[in-house]
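Chains as they are written, first to last, in the numbering used here: chain A, 1 to 290; chain B, 1 to 290.
No wet-lab data here; the hints were simulated from the structure. Among the hints, erroneous ones may be present.
Because identical chains share one entry, a pair is satisfied inside a single copy or across any pair of copies.
[Stated by the list, open to error] Derived lysine to aspartate or glutamate pairs resembling DMTMM-like cross-links, with alpha carbons at most 25 angstroms apart:
| hint | residue 1 | residue 2 |
| --- | --- | --- |
| 1 | Lys159 | Glu177 |
| 2 | Lys232 | Asp27 |
| 3 | Lys55 | Glu134 |
| 4 | Lys266 | Asp37 |
| 5 | Lys283 | Glu177 |
| 6 | Lys266 | Asp163 |
| 7 | Lys283 | Glu80 |
| 8 | Lys283 | Asp37 |
| 9 | Lys266 | Asp165 |
| 10 | Lys283 | Asp115 |
| 11 | Lys266 | Glu80 |
| 12 | Lys159 | Glu80 |
| 13 | Lys232 | Glu107 |
| 14 | Lys159 | Asp7 |
| 15 | Lys55 | Asp163 |
| 16 | Lys159 | Glu270 |
| 17 | Lys266 | Glu205 |
There are 2 protein chains.
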Amino acid sequence: MSNDFADRIIEGARAAGAPLCVGLDPDVSRIPALFGDGAAKIPGFCQAMLEEAAKAGVAAVKPQLGYFEAHGAAGYAAAELVCAEAARLRLPIILDAKRGDIGATAEGYAASAYDNFGADAVTVNPYMGLDTLEPFLSRAQARGKGVAVLVRTSNPGAKDFQDLDVNGAPLWTRVAEALAPAAARLMGASGWSGLMMVAGATYPEEARRLRDLAPTALFLVPGYGAQGAGAKEALAGFVQGPRGREGGVVNASRSLLYPPGAERAKTLAEWRGLIAQAIAAAKADLASAL
Amino acid sequence: MSNDFADRIIEGARAAGAPLCVGLDPDVSRIPALFGDGAAKIPGFCQAMLEEAAKAGVAAVKPQLGYFEAHGAAGYAAAELVCAEAARLRLPIILDAKRGDIGATAEGYAASAYDNFGADAVTVNPYMGLDTLEPFLSRAQARGKGVAVLVRTSNPGAKDFQDLDVNGAPLWTRVAEALAPAAARLMGASGWSGLMMVAGATYPEEARRLRDLAPTALFLVPGYGAQGAGAKEALAGFVQGPRGREGGVVNASRSLLYPPGAERAKTLAEWRGLIAQAIAAAKADLASAL
Chain A
1 MSNDFADRII EGARAAGAPL CVGLDPDVSR IPALFGDGAA KIPGFCQAML
51 EEAAKAGVAA VKPQLGYFEA HGAAGYAAAE LVCAEAARLR LPIILDAKRG
101 DIGATAEGYA ASAYDNFGAD AVTVNPYMGL DTLEPFLSRA QARGKGVAVL
151 VRTSNPGAKD FQDLDVNGAP LWTRVAEALA PAAARLMGAS GWSGLMMVAG
201 ATYPEEARRL RDLAPTALFL VPGYGAQGAG AKEALAGFVQ GPRGREGGVV
251 NASRSLLYPP GAERAKTLAE WRGLIAQAIA AAKADLASAL
Chain B
1 MSNDFADRII EGARAAGAPL CVGLDPDVSR IPALFGDGAA KIPGFCQAML
51 EEAAKAGVAA VKPQLGYFEA HGAAGYAAAE LVCAEAARLR LPIILDAKRG
101 DIGATAEGYA ASAYDNFGAD AVTVNPYMGL DTLEPFLSRA QARGKGVAVL
151 VRTSNPGAKD FQDLDVNGAP LWTRVAEALA PAAARLMGAS GWSGLMMVAG
201 ATYPEEARRL RDLAPTALFL VPGYGAQGAG AKEALAGFVQ GPRGREGGVV
251 NASRSLLYPP GAERAKTLAE WRGLIAQAIA AAKADLASAL
């Protein structure tokens, strides 16, 4: 089947006018008191964020499981609720889980991501090898879903192993090359593949090089906004298509979730206004650099 | 502080007479009907396994989170219960989560592992770089806990990236070398470090080479039993100490959880007998090869 996820992402970015992905990193110390106390703030906060994202129009949302799991099983259950709400709002869900394991264990993680969470794509770590990605790829291929593989990440330590020289080229390029068959398996009617590659906005030269190596892979670009990269850097791996520059989604989390003043908002309406403003500003910033 | 986890593992293996780690991979299709139906089987099955492990004497237990997460938030909560029970039985817990992420997200996963689950060690993936391991290492150092880093895994696909040649040596050796400062930080009074390295039993030559590169790292050895490696291969990275050969733990999961006949056991007593037999056989097999 043609990859529905890839097509939804590309069409969503076109419809929204910018390839913005809203990252859901719920940090209870920064969520306004009007959402309640402690971990109980999380579901309401995320639901309101999703409503603002849907209203504004964005390409995808990316719940970051580590922030939910910090609160144990209750946090995990909250992540399931948040994904159900995102699905109800028809927002494509990229579950940021960064899982990776062998055989039956990977099957468990894949079942969790696509079935329990109802995710449209899930982030995975390639270190253990291609066989460990297969449970994700086979489900994604059969059901028109996506898989987002860590290739060149946005953190300073990315250089430690990803940049090591393997016969004249960095390791991350070897990972990208090895994923070519997977990209072909998840090809959408749009000409883009549901095999996403994570390419940090903080390394635009690497993103351009990755685009040459993986011409059909949608990029999942972290590092825009709070991590320091601007729109130009974030879009370095995007290419000119018939409808403008495209090629993935750019994620912003903290800059959208905790814009100046929002933490001290007194009313939901005031908070919603600040969030809507932050999303609009990020979309305009990305659109101007497209 | 001296690393309490490293010392507990080494002393536990000595006391047990074999460095056996019992892997908890609850597969509901293979758990006997006497434990109930579907995912509800998991807590009782795991608790009974832990009781048999404690009775027999083993070095550690390793709950495999993917098997629990396959059942969503209820499965995640079951994993928390199972870890609490393991702690009550004073069994060192190596939480097999294979997490890895940047900054605050990694903090969330580390809090989840050590605080919510009460794990004594947690498996992590090094691909994203040393900064992504720091939240685990700093907690482990402050609290005498362990961190088990994937170095050379037991699956066939391990060769895809871990074996790539980096200036004359495979990538996994570069990972091991980069972990030397971390191993020093988690040093125990036993002379062994709470910085564990995952070294698959299916690759004994690699394990011997890893031992030369990381003389103080405890090895977490998967792949013994159902994955095909024997005791001799599993112990390839162990070295002669004052009290016999030592250097880590050898994990067995399916061969202990689902021994012949156990799936059709009619009574708990019958099932317990088969499990006790399987654990005793694995311990004797490992002891004979020490």
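Now for the hints, and whether the structure bears them out:
{"no.": "1", "hint": "Lys159 - Glu177", "in the structure": "both (18 angstroms within a copy, 15 angstroms between copies)"}
{"no.": "2", "hint": "Lys232 - Asp27", "in the structure": "neither (28 angstroms within a copy, 48 angstroms between copies)"}
{"no.": "3", "hint": "Lys55 - Glu134", "in the structure": "neither (36 angstroms within a copy, 38 angstroms between copies)"}
{"no.": "4", "hint": "Lys266 - Asp37", "in the structure": "within (15 angstroms within a copy, 49 angstroms between copies)"}
{"no.": "5", "hint": "Lys283 - Glu177", "in the structure": "neither (31 angstroms within a copy, 43 angstroms between copies)"}
{"no.": "6", "hint": "Lys266 - Asp163", "in the structure": "neither (47 angstroms within a copy, 56 angstroms between copies)"}
{"no.": "7", "hint": "Lys283 - Glu80", "in the structure": "neither (27 angstroms within a copy, 41 angstroms between copies)"}
{"no.": "8", "hint": "Lys283 - Asp37", "in the structure": "neither (31 angstroms within a copy, 49 angstroms between copies)"}
{"no.": "9", "hint": "Lys266 - Asp165", "in the structure": "neither (53 angstroms within a copy, 57 angstroms between copies)"}
{"no.": "10", "hint": "Lys283 - Asp115", "in the structure": "neither (31 angstroms within a copy, 38 angstroms between copies)"}
{"no.": "11", "hint": "Lys266 - Glu80", "in the structure": "neither (28 angstroms within a copy, 37 angstroms between copies)"}
{"no.": "12", "hint": "Lys159 - Glu80", "in the structure": "neither (33 angstroms within a copy, 35 angstroms between copies)"}
{"no.": "13", "hint": "Lys232 - Glu107", "in the structure": "neither (38 angstroms within a copy, 30 angstroms between copies)"}
{"no.": "14", "hint": "Lys159 - Asp7", "in the structure": "neither (32 angstroms within a copy, 33 angstroms between copies)"}
{"no.": "15", "hint": "Lys55 - Asp163", "in the structure": "neither (40 angstroms within a copy, 48 angstroms between copies)"}
{"no.": "16", "hint": "Lys159 - Glu270", "in the structure": "neither (42 angstroms within a copy, 54 angstroms between copies)"}
{"no.": "17", "hint": "Lys266 - Glu205", "in the structure": "neither (43 angstroms within a copy, 63 angstroms between copies)"}
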